[in-house]
Amino acid sequence: MQGPSDFELSRRKLLLGTAASVAFGAAPGIADAQTPAGPAQAATAPAISMSKVSFNVNGRVRELALDTRTTLLDALREHLHLTGSKKGCDHGQCGACTVIVGGRRINSCLTLAVMHEGDEIRTIEGLGTPENLHPMQAAFVKHDGYQCGYCTPGQICSAVAVLDEVEAGIPSHVSADLNAPPQLTNAELRERMSGNICRCGAYSNIAEAISEVAGRPA
Amino acid sequence: MKSFTYERARSPAEAAATAARTEGARFIAGGTNLLDLMKLEIETPAHLIDVNGLSLDKIESTPEGGLRIGALVRNTDLAADPRVRRDYGVLSRALVAGASGQLRNKATTAGNLLQRTRCPYFYDTNQPCNKRRPGSGCAAVGGFSRQHAVVGASEACIATHPSDMAVAMRVLDATVETVRPDGPARTIPIADFHHLPGNTPDVETALSPGELITAVTLPKPVGGTHIYRKVRDRASYAFALVSVAAIVQRDGTGRVALGGVAHKPWRIESAETQLPRGAKAVTAQLLSGAKPTRENAFKLPLVERTLGAALAEAKG
Numbered sequence: 001m002q003g004p005s006d007f008e009l010s011r012r013k014l015l016l017g018t019a020a021s022v023a024f025g026a027a028p029g030i031a032d033a034q035t036p037a038g039p040a041q042a043a044t045a046p047a048i049s050m051s052k053v054s055f056n057v058n059g060r061v062r063e064l065a066l067d068t069r070t071t072l073l074d075a076l077r078e079h080l081h082l083t084g085s086k087k088g089c090d091h092g093q094c095g096a097c098t099v100i101v102g103g104r105r106i107n108s109c110l111t112l113a114v115m116h117e118g119d120e121i122r123t124i125e126g127l128g129t130p131e132n133l134h135p136m137q138a139a140f141v142k143h144d145g146y147q148c149g150y151c152t153p154g155q156i157c158s159a160v161a162v163l164d165e166v167e168a169g170i171p172s173h174v175s176a177d178l179n180a181p182p183q184l185t186n187a188e189l190r191e192r193m194s195g196n197i198c199r200c201g202a203y204s205n206i207a208e209a210i211s212e213v214a215g216r217p218a
Numbered sequence: 001m002k003s004f005t006y007e008r009a010r011s012p013a014e015a016a017a018t019a020a021r022t023e024g025a026r027f028i029a030g031g032t033n034l035l036d037l038m039k040l041e042i043e044t045p046a047h048l049i050d051v052n053g054l055s056l057d058k059i060e061s062t063p064e065g066g067l068r069i070g071a072l073v074r075n076t077d078l079a080a081d082p083r084v085r086r087d088y089g090v091l092s093r094a095l096v097a098g099a100s101g102q103l104r105n106k107a108t109t110a111g112n113l114l115q116r117t118r119c120p121y122f123y124d125t126n127q128p129c130n131k132r133r134p135g136s137g138c139a140a141v142g143g144f145s146r147q148h149a150v151v152g153a154s155e156a157c158i159a160t161h162p163s164d165m166a167v168a169m170r171v172l173d174a175t176v177e178t179v180r181p182d183g184p185a186r187t188i189p190i191a192d193f194h195h196l197p198g199n200t201p202d203v204e205t206a207l208s209p210g211e212l213i214t215a216v217t218l219p220k221p222v223g224g225t226h227i228y229r230k231v232r233d234r235a236s237y238a239f240a241l242v243s244v245a246a247i248v249q250r251d252g253t254g255r256v257a258l259g260g261v262a263h264k265p266w267r268i269e270s271a272e273t274q275l276p277r278g279a280k281a282v283t284a285q286l287l288s289g290a291k292p293t294r295e296n297a298f299k300l301p302l303v304e305r306t307l308g309a310a311l312a313e314a315k316g
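Keeping their order, the protein sequence lines are chains A and B. Note that the first sequence covers residues 1 to 218 in UniProt numbering. Note that the second sequence covers residues 1 to 316 in UniProt numbering.
Hints are supplied without guarantee of correctness; some may be wrong.
To be verified - Cβ-Cβ distance ranges computed for the label pairs, FRET-style:
(1) 67/A - 125/B: 19 to 25 Å
(2) 126/B - 117/A: 34 to 40 Å
(3) 209/B - 200/A: 45 to 51 Å
Hints listed in this document are in silico derivations from the structure and should not be mistaken for laboratory results. Just so we're clear, the structure is a prediction, and the values are computed from it rather than from any experiment. Glycine residues also receive a C-beta, built at the ideal position from the N, C-alpha and C atoms.
So here's chain B without its partners, still in its complex pose (with noise of 0.2 Å):
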């Protein structure tokens, strides 16, 4: 690990005002991603600004009847909310079925949105990445690509997003509330959070140089029957291959999102009028100019199997 200075942030405001001044500073809360690759040194901050101590870490109950999650609540805390579990059921079930107990105690919401891919490419410094290293190239076209992205893809990169969470924050329209060191707070509709890879695949995000999460906030509850479906290689403590959250009516009508598909959490509105038709005529839709490898071309009817199987569950 690469040498660091550090310090503890003490308001929301002088952190993002810290972090955009001082050269190679980072955020870190549960440290579990963060850590992980600075041991490898693909992360290799100057800095390290610890944003524990800022008191981001209540639930609260918004105006418009929605909830405003401090972006330092841990992983542990938002899935056992009762209000998460009794409105927002999708969220709850998403985060239970990522990483371990122990990670989930440390994980902390607005972290959990900005983790980085598991791609083993990535993860390998002796391979080119264009998302480690921009424009050295990606091992990943061509490699071992099981577990890569089948839509929204570029040839600079193939990563899938890791976060089961973030699949079903999407499904529930979140918004994600930030400061910012020169500006005003503002927030970001999830929808346009997280980036597709294009050709800056290392512009995962879009917050600007030192812009710090504060909030995740969800418009009041829809209603429904909430399912989160992830497959995996083994039942527990493993990334998806493919997972479905999905929010479906009475009246057959509903929602859904995918997760390890894409570089996003992966949602087409379009595709959910579908919805009363079956799994067959979304997953069309959703995957609609997908281009799978020959390894990975499985997910596509995989998706339309573990959809198929969430809205039987939903139907009860």
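Bound-form chain A, shown alone (with noise of 0.2 Å):
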């Protein structure tokens, strides 16, 4: 596996190469917002706000000091270098930075890292390994569940907290009977899976993974 400081670097030279190409016909904000601050903006930019936050991520205690703008999402991808969470949109219309936190799924983009301090963050790499696939993800695989898999660890996040709000009782826009405990049908959990975009359609294979772990037929 690639070390940590290796990536960095690769990231890094990446980023600047990206900058400088950028810097040459657009606006200088744009250039300035990936270049690390060198001498001639440090006059004019604004103090970097930085704050502690400490979680546990996939089990591990999680301790970084973090510019305050970081995004649970950044945190998680650049920081502690758990890339399977996918940044898509960043404004949370797509769901392909979904994890789980406190038991929850949520949009790691649309929250700020310092803002989960003492949380328990999951994340695809937390369910399961290559040699030992969380079941959910061994159904994406039989059932075909993506095309490009750029979605897929949002996907598979979204999923499994899923069967569990459906467990909790918690309705959905399509459940019938408000006081009724919520069925695992086709349609709830089409419903309850629209935060989670899938551009290549997998819809009907995605749909059939989540059934099969339900233990219904989708």
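Take each chain as given, in its own frame, and dock them per the hints.
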């Protein structure tokens, strides 16, 4: 496996390269956002506010000192190198960044890392390993619940949490009776998964994978 | 995103005091709307006060027979509460009609009320917007206005309020409890909480600087059949073109509020006397004085038909 420092180096080189190529034609502000602050920019750039946070990721306590602006998604990907969680839209619209915090699925792009002091965070890396897949991961493989795979970690984290939500009796928009335990029908499943977009359109296979884990035919 | 300092609040009163004396301070709870807007630099707080640690996450029965919902109760928990499902079904229905499972797990009761509009011109910082930059004009007037308001709008702003939950709160006569930095706690009827745009569309609520919502209280249940019917461009995870929150009693009387048509949840109590006469009569009064654009004129018949469908559903 690639060491964290190697990863950081290669990524920084990549970002520097991108920033340099952008700087020729674009507003300076765009280059600033991707270039580490040099002496020339230090005079005008506002002070960066840092904050410490400690949380548990996949069973391991992690302590970080972060720019307060760092989202949970960026903390996971860029600081802890858990790149399974994906950045799709970065605005809570696509669900590719879905992780499970305190047992609940959330969009990790729409929450600040510093807001998660003491929280238990589970990412796709914490669900299973290539040798020992989580049942939901195995079902996605079996039913071909993806094409390009970019949305898949978010889909799987979301699906795992959906089954818990149904188990807990949380109603959905398509639940016929608010006061009866929800059933995991295909309509329920599709409604509950609507926060996870798959541009390849693997929805029917995703639905089959989740249904199998839930123990029901799709 | 602009840089900001960050602190965790220790008490509602202290949070309110800090917010009032700190330039550019904002509260953050669920953050699902605020962070979205911060990334686009539509919101640029200099200081964030994280209120998540305040113990405002309980749903308690009130002596009057109602429910007091803590400001930090998540949308998922509010929708799933057995008392809400049983006695305030319109609220559960409205909540699960909004956003996605992930967002509802984060979004709070107070934050939902404080959502900003999803007007595309408010989101596009290259466009004039009186809400985002007072005095700059409104690009939605004469622009792409299919989603916009048909009643209660002004020349300065034709944006709609995006919340489903707030429409149900309006039909339930909820009250908003707050603490203020330099005054006693107060309660604001939901009818007065959201403002119409007028000449100051940037002033969206009755809250004063530093004022923090601590709870939303529901009066005792009114019975009846509870319906929330939402019409949107796709079946899930989209904002309303039109929504109807209705509570209908056996004798045909009841209450109605609309979403997706105005700058605030839209309810005209006097129109409700027409309920036994049907959707057409109610809609005529609810939307009297409506000034739709060419692109959103479809909302007028859509309100009538959606209300008609809701009333038919109530009859069973």
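Consistency of the hints with the structure:
Residue 67/A and residue 125/B have their C-beta atoms about 22 Å apart, which keeps the hinted 19 to 25 Å range intact. Look at residue 126/B against residue 117/A: about 37 Å separates their beta carbons, and that is inside 34 to 40 Å. Between residue 209/B and residue 200/A the beta carbons are some 48 Å apart, a value that agrees with the proposed interval 45 to 51 Å.
The structure meets every hint from the earlier list without exception.
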